[in-house]
Amino acid sequence: MNQMLDLVVLFAKIGLVAVGGVIALIPEIQREVVDVHHWMDLHTFSTLFTLAQAAPGPNLLLVTLIGYYLQGLAGALIATLALILPPAILAYALGIWWRRMKGAAWLVPVQAGLNAVTVGLIASAGILLVRASYVSVMAGVIAGGTVLLLSTTKIHPLWMLAAGAVLGAIGLV
Amino acid sequence: MSTQHPPTTGVATPRLRDLFIGFFIVGINGFGGVMPFARRMIVEQRNWLSPEEFVDALAMCQFVPGPNIVNLGVALGGRFRGPLGALACVVGILVAPMTIVLLAYTALVRVAEAPVMVGALRGMSAAAAGLVVALAVKVATPFVRERDGLGLLMAAIAAVAVGVLRTELLPTLAICAPLAVALEILRTRIKAKHS
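Chains as they are written, first to last, in the working numbering: chain C, 10 to 182; chain D, 18 to 212.
It should be emphasised that the hints constitute simulated quantities derived from the structure, not laboratory data.
The model shown is predicted, which means the values in this text are computed figures rather than measured ones.
We put the beta carbon where it would ideally sit given N, CA and C, even for glycine.
Please note: incorrect hints may appear among the correct ones.
Stretches of chain C that chain D covers, calculated by requiring three or more beta carbons in the stretch to come under 8 Å of a beta carbon on chain D [said to hold, decoys possible]:
# : segment
1 : 148 to 160
2 : 163 to 171
Some chain C residues flagged as far from chain D (calculated, every beta-carbon gap over 10 Å) [unchecked claim]:
# : residue
3 : Leu14
4 : Val18
5 : Met49
6 : Ala83
7 : Ser145
Bound conformation, chain C alone (with noise of 0.2 Å):
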């Protein structure tokens, strides 16, 4: 029940201090979960995003699976529900005057400046993902070629996913 508790604090305390969606919360919540609470290790951390990844729907779900692996269907729900729950109350609060913030003054030089530090998170998460998927010389290959190609194409982000699966499957990585 206490893993239950922290798993609320945890999550509430990640959801309320997001900015930029969860992909740039990556880096804290693998360090929350990994390095300071020692639920699970790098390995698994990161077979859970890839699942989350490969799945329909936003990519909160990682969130859900954590909480999955856990504590099971209630984890899940929990941990889900820690995340979203303290900045949908202020989404709700919000949604209803936003029309009288719009195009405020202020509001540019402030989005500005959080967009820089988003793009710095998301690059962290890249880093860190890539480390802890760094198994082989191939898993480099697949990891470079997937940004080169997304970077360059049009291609669709699951054919990449599935690319990585069958390289995988047949031994070379």
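Since chain C is already given, all that's left is putting chain D on it; use the hints.
Only chain D this time, still in chain C's reference frame:
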């Protein structure tokens, strides 16, 4: 039923069922980011918001902490149908993806030890990591294109702090976010003076 003012798109206020179904479809379609699908559904297919209203709503959701799509559902559902509308959108977007990912996980655990599965997961993890790096490249590109050295510097500081030095998110944000915003304000002032 709703106490909020409906937006001025001239479209009938969606029912709870419409909100649920609209977001449900977005949830099962959105691979690797749901926001483009959400935009298509809300603006183009169902006319719930005008393009400008959608941009405003999204800006507000990015300003509020937490997952953007959930916040968008809450704000939109709440504006049309109050708390129940918000709930309909959030449950709609989450119920199918959560079910699918948990079923996939349960199936995976049974075969996770098989060498084929171990290999496949290794390859997929590498590709998934690449997807996140590609996302970083994509969001950094406008900064490069506009030669925004200040923005890139702040991004680099945050990336090195969190990704390499492994600093905690909250203190890092407490330093980086106000600094980035203050420098932006300073830059806006200097630009205004020169023009």
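For each hint, the structure was consulted:
1. 148 to 160: n = 10 at 8 Å, threshold three: holds.
2. 163 to 171: holds (count 5)
3. Leu14: Holds, since 19 Å exceeds 10 Å.
4. Val18: With a cut-off of 10 Å, Val18 of chain C remains clear of chain D, as the shortest Cβ separation is near 13 Å.
5. Met49: holds (13 Å)
6. Ala83: holds (12 Å)
7. Ser145: Violated, since 8 Å does not exceed 10 Å.
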